[in-house]
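> Residue numbers (the working numbering): 11 to 258.
Don't read these hints as lab results, they were simulated from the structure. Since the structure is predicted, the reported quantities are computational estimates derived from the model, not experimental observations. Quick reminder that beta carbons are idealized off the backbone N, C-alpha and C, glycines included. Keep in mind that a hint or two might mislead.
Claimed, not checked - Ranges between beta-carbon positions, derived for each pair: (1) L43 / F92: 40 to 50 Å; (2) Y216 / L113: 19 to 29 Å; (3) S23 / S64: 28 to 38 Å; (4) V212 / K124: 15 to 25 Å; (5) E195 / V147: 24 to 34 Å; (6) G50 / N193: 30 to 40 Å.
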Amino acid sequence: MSSSNPTPLEMKSYTVWDKPTRLFHWINVILVLTLTLVGGIMMYRTELGITELSGKIGLKTLHVCIGYGFALNLVVRIVWGFVGNKYARFSHMFPNANSKSELLAYQAELVAGKSPQYLGHNPKGKFAVLAIMLLLVVIMLTGLFRAGTDIYYPPLGSTIQSYLADTNTEPASLKPYDETGVNAEKASAIKPIKGLAGKIHVYGVYLLLLLILLHLFAVIYTEVKRQPGIISAMFSGKKMIQGQPKDD
11 MSSSNPTPLE MKSYTVWDKP TRLFHWINVI LVLTLTLVGG IMMYRTELGI
61 TELSGKIGLK TLHVCIGYGF ALNLVVRIVW GFVGNKYARF SHMFPNANSK
111 SELLAYQAEL VAGKSPQYLG HNPKGKFAVL AIMLLLVVIM LTGLFRAGTD
161 IYYPPLGSTI QSYLADTNTE PASLKPYDET GVNAEKASAI KPIKGLAGKI
211 HVYGVYLLLL LILLHLFAVI YTEVKRQPGI ISAMFSGKKM IQGQPKDD
C-alpha cells in the first residue's frame, strides 16, 4: 500500500498595486502623521510656551499649508479610484452588492482553518478601506473650511472675508483673529458652524488614528497568520499568492 503527499500549491507573483496607488499610500501616511503632530502642538501650544498670537497664526498657517498637500494627494487618489488599474479602482476596493455573501463565505473559510488568498483587499478589508477614505474626505473638507474661517486661506477665505466684512470695510483687509472691520452679528452667526466643523475635524482625526491602529494590527496579523507578502506588496506592487486567488 502506498501513500502520497498532496502537491504543494504553486506560488505565483501578481502585479497588484500600481505606482500611483503606492505613492498615495505612503505620502498620505507621512502627511497624516505630520498634520497630527502640528495639530497636537496647536492644541497644546500654551503648555509648550507658545502664547503670542503670531505663534498661533504661524502654527495654523503651517498646518494649512501641509493640509493642502494632504488634500491634493487625496483628490488625485479619488480620481485614480475611477481611472486606475483594476485593484486601484473603488469598484474593486469598496463593498458592493455581493459583499455580505463574500464576507460570510470568507468567515466560513477562516472558521474551517483555511487561508483564503486575495489580490486586492479581503471582504473585511473593503469595509475598512471605505471607512478610512470617507474619514479622509470629511477631514479634508472640514479642514479647508476652518482654513477659510480661521486665517482666510483658499478656497473659502475670500468668500468668508466678504461675508464678515463690515460696511465700508475692504474684505481683503480683514486679518486672522482680529475683530477690526468684522461685522459682529455675522461673526456670531458663523461661530457655531465654525465650532461644529472644528469638532468634526478633530474627532475625525481621533477616529482616523484609531482605524489606522486597527488597520496596522489587522495587516500584521494577516501577514503572519494567513497571507504573507501583503506588507511588501505596498512597496513592490507585487503579491505572491499560493493557489488560486479569490478575486482574480
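> Each hint should be assessed against the structure and marked as holding or not.
Structure-based check of each hint:
For L43 and F92, the Cβ-Cβ distance of about 27 Å falls outside the hinted range of 40 to 50 Å, so the restraint is violated. Evaluation of the 19 to 29 Å hint for Y216 and L113 yields a pass: the beta carbon distance comes to about 27 Å. Taking the beta carbon of each, S23 and S64 are about 55 Å apart, not inside 28 to 38 Å as hinted. Range check, V212 to K124: Cβ separation about 42 Å, and the 15 to 25 Å hint is violated.
A hinted range of 24 to 34 Å holds for the C-beta pair E195 and V147, which are about 32 Å apart. Taking the beta carbon of each, G50 and N193 are about 33 Å apart, inside 30 to 40 Å as hinted.
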